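**Student:** Single-letter residue listing:
2 protein chains.
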Amino acid sequence: MEMSCRNTSSDEAGRPTHPGTFPTSQSGNSGLVPAKGDVDFPVCVVLPAGGSGERTGLQTPKQFCLLLSRPLISYTIQTFERVSWIQSIVVVVAKENMDLMVDIIQRFHHTKVQVVPGGSTRHRSIRNGVLALGEQEEGSTAGRPKVVIIHDSVRPFVEEDFLYKITMAAREHGAAGAIRPLVSTVIATTSEGYLDHSLERAKYRASEMPQGFTYDVIHRAYQRCTEADFDFGTECLHLALQYCATKAKLIEGPPTLWKVTYKRDLAAAESIIKDTVSQWVCMITGGCGHARMLADALRKDFGSSEMELDVIPDLTGDNVRYLSKGWNFIHFSIHGSDLAEVEAMLEALEAADQTLLYPVVVIWVHLSTDGGASEPAAIVELASAAKRLNILLYAIHLQQSKDAKRWERSVSKVAEIISTLIRERSPSLAGQLLQA
Amino acid sequence: MEMSCRNTSSDEAGRPTHPGTFPTSQSGNSGLVPAKGDVDFPVCVVLPAGGSGERTGLQTPKQFCLLLSRPLISYTIQTFERVSWIQSIVVVVAKENMDLMVDIIQRFHHTKVQVVPGGSTRHRSIRNGVLALGEQEEGSTAGRPKVVIIHDSVRPFVEEDFLYKITMAAREHGAAGAIRPLVSTVIATTSEGYLDHSLERAKYRASEMPQGFTYDVIHRAYQRCTEADFDFGTECLHLALQYCATKAKLIEGPPTLWKVTYKRDLAAAESIIKDTVSQWVCMITGGCGHARMLADALRKDFGSSEMELDVIPDLTGDNVRYLSKGWNFIHFSIHGSDLAEVEAMLEALEAADQTLLYPVVVIWVHLSTDGGASEPAAIVELASAAKRLNILLYAIHLQQSKDAKRWERSVSKVAEIISTLIRERSPSLAGQLLQA
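Protein chains in written order, with the numbering used here: chain L, 1 to 436; chain Z, 1 to 436.
Don't take each hint at face value.
Since the list can't tell identical chains apart, any single copy or any two copies may satisfy a pair.
[Said to hold, decoys possible] The calculated BS3-like cross-link candidates involving lysine-lysine, where the alpha carbons are at most 30 Å apart (straight line), are:
#  : residue 1 : residue 2
1  : K402      : K387
2  : K300      : K247
3  : K247      : K95
4  : K203      : K300
5  : K146      : K405
6  : K413      : K274
7  : K259      : K325
8  : K247      : K203
9  : K387      : K405
10 : K387      : K413
11 : K387      : K274
12 : K405      : K247
13 : K146      : K247
14 : K112      : K95
15 : K300      : K325
16 : K247      : K387
17 : K203      : K259
18 : K112      : K259
19 : K387      : K112
20 : K112      : K146
21 : K112      : K274
22 : K274      : K402
What the hints contain is simulated information worked out from the structure, not anything from laboratory work. Only a predicted model underlies this, so the values are computations on that prediction, with no experimental measurement involved.
Model the full assembly from the supplied sequences, consistent with the hints where possible.
**Tutor:** As structure tokens, this is what we get:
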């Protein structure tokens, strides 16, 4: 029964071309990322985040739910912040969540972000965001952006190249929006709840986010639209059409633009984030020859996922670059004193200041020849200090054996445990000393 | 910063009212489950499962992807099998997957299932399934079902009460289908890729599965429809309308009817299954008073999830019922000899024959007063035997302490580890002896 679910190159989630980039680049959407100079006009973002989360069935609105200990909205903000040609991001939140939002911005060191209070409906909230962008220079248009991107706070996986396409199309056509093929057939119902007719799928699309507008178009649309539009409307592209006669250019986006709507979508989003932060694994061998066998076993285990392994002797010289790119680490050692090396590594990671946004996994593999214990109390203590830096430290005790079969089994067991620890990154198992 | 994502009663995934029921019952859809006698006519199911899985980006078609070591399609089959008034299920698969499908049916002891080869399109596959239902008695209509339910193999979470509604509506109206509100605005595009107009969301619905038809309607629709319908059509309700003048009754279904489409949906589905199989936890105290403190810590830890704890002294008398209902177990003990009790419990679980469809978690918590080790080699051996029965055995060593603060910390650490082990149920960590 062959049922393994290996990824192919057409995986929807794509993969980053370089560790530390996030979210993942989209295959099927791999237009060249533009040089920074290409966007030579001001672009700002409005991020309505006033949703109450009714559909998730959770007490916390979904934009504030934690994924790997960080609120979903922080991932979305990060997505825009890393784009050099985006000047500022206006996050619009319900009044009761203003403090929480400011807290998140401070805690995760977001820059470029301004928080403004929302209105009673989605359109009123977006209007507040647009107005905030125009208010920067009273009576002057100097500070106004040329293009405003409107996005959802609960669509964290939008790529720079797609934002570029939307931005350029918005400048050219006045308005632009992401679309996706319909997943289900759309049907019209009679007032009694019977099928009236089904729509021909090929002629229709789902309207998604992001959307882009010239400041003038979106500002004018909100000036001219009615209270009924503010009360019941949801589609900004429609307002641009109706009140500014601007026909939006529609651009097909990747499936990862989907909106986190239900509780299950939080699990799906976390899984995508885990896939991404687990991809890059660096093994430090300390020059030990036994590490090569483990590397081979790991590569075999990683084969069914998107994880990749680099093997280096130590973190000196050129290899210090591994500390600053979102890698996970396996520290292989044979001497009892080597926990000091792990400690030094944690300090180096702290100095590199790369663990604020994503937890880093460090696994100490201790090869023992004499069956001796591996300082469990010291590991617990070190793991506890590491956790405060958002580093998850685990230890594995690998017993050397002269029996070739047994040794092979142990090595492949270590590989299996390592894959699980990196992928699951459970905080509650940090500090454990596992056996192989 | 209060951002925990606690469930409220309106959680989309609902919760089973009894351990062992699966999938979860739907809140907001809590019509009484009918007495078995209510459906006094034959009902069969056609399950097209010919999809190639293009959209997941995986090499394996998604219906065969493993969730907790079992293919997705087996969950869907199980959903129908547990409904007493459903007589048989015809699974339609691509010719190249016939052997795999037969293998799955044997391995997971599915009954009621017939496998037939698919056609070149979805409609041709469904027709093959419908024809297979009619073929049971050549020249006679005696063996034919009154109502045929058509469902997707990649929508595993459909509930008996919803199937009942669809079935009864299909008998009354000739056809019935599940609908859901539109998640995105649907827009019509011009041939040049601009917005033409957006549809008024309230008037349209997404057509989902399951759908139900009287045998006569679906059979006639497929007899009369054209090759173009077979080639390009996707909507069975449309064929019933066009070729039998049957207006389908539309019934709003719960969000869990969603179709597993992308790789992220597999993570979402696994998360729902994990939530469900983790809900029921039974702690066996062996009469030890210290277990009460652990129970309190566990209840506190479970507070933020849907997990619930029953505490019993042992598995004798009435308590043997716990063995046959999909519970997870915590075996608390203070004597070194108690691994024998765990062994006896594994044997009892094997005898109860409840571990075929879902892995059961058993956690042995060993309270030690003298700091002595807890037979790690014996645990590894026992866990390895348990794994073959689909039981995941983990061990936790809890060091007793006279220092009240320290003891409290250890107990809450054990609770945290238990929650993680039950929820994650990682096979590669089975047999580990963890420390608290």
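**Student:** Tell me the numbers of any earlier hints that the structure contravenes, in ascending order.
**Tutor:** 2, 3, 4, 5, 12, 16 and 22
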